[in-house]
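Chemist: Whole structure, please, built from the sequences with the hints as guidance.
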Amino acid sequence: MTNSIKPPAVTNPGADVGDALAYYIGHTGTIEPAMGGYRIRVHHTRGFPWDEVFKALLYRGFKVYVTNAKADLIIEAAP
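Counting in our numbering, the final residue of the sequence shown is number 79, and the numbers go up one at a time with none missing.
Careful: at least some of the hints might be erroneous.
[To be verified] Using C-beta positions, here's what the derived DEER-type ranges look like:
#, residue 1, residue 2, range
1, P79, R46, 26 to 34 Å
2, D16, A71, 27 to 35 Å
3, G18, H43, 15 to 23 Å
4, T67, G36, 12 to 20 Å
5, I74, D51, 16 to 24 Å
6, D16, K70, 28 to 36 Å
7, L73, P33, 28 to 36 Å
8, T45, A22, 12 to 20 Å
9, P33, L58, 16 to 24 Å
10, D16, V64, 29 to 37 Å
11, L58, M35, 23 to 31 Å
12, H43, V64, 16 to 24 Å
Keep in mind the hints are simulated off the structure, nothing from the lab. All figures in this text were calculated on a predicted structure; none of them were measured in a lab. Using N, Cα and C, we set each Cβ at its ideal position, and we do this for glycine too.
Modeler: Here is the structure:
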């Protein structure tokens, strides 16, 4: 029997950050690759896993910027 829970990118340096982010974000936002980094659109701010997302990005050395576009917040992570 395999465990369906993925280890967080913070504790597993070999984990793919994009896969971990998609797993954390689920239906609370959308993620897309952007020039070597990621652009994450937050749709549900109260249910969004802010701490897991920021930990995964900052641990890997990404620079993180937060902006807004209409009703959504945008997290841009650049290497």
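Chemist: So, against the hints stated earlier in the document, which numbers end up violated here?
Modeler: Of the numbered hints, 7, 10, 11 do not hold.
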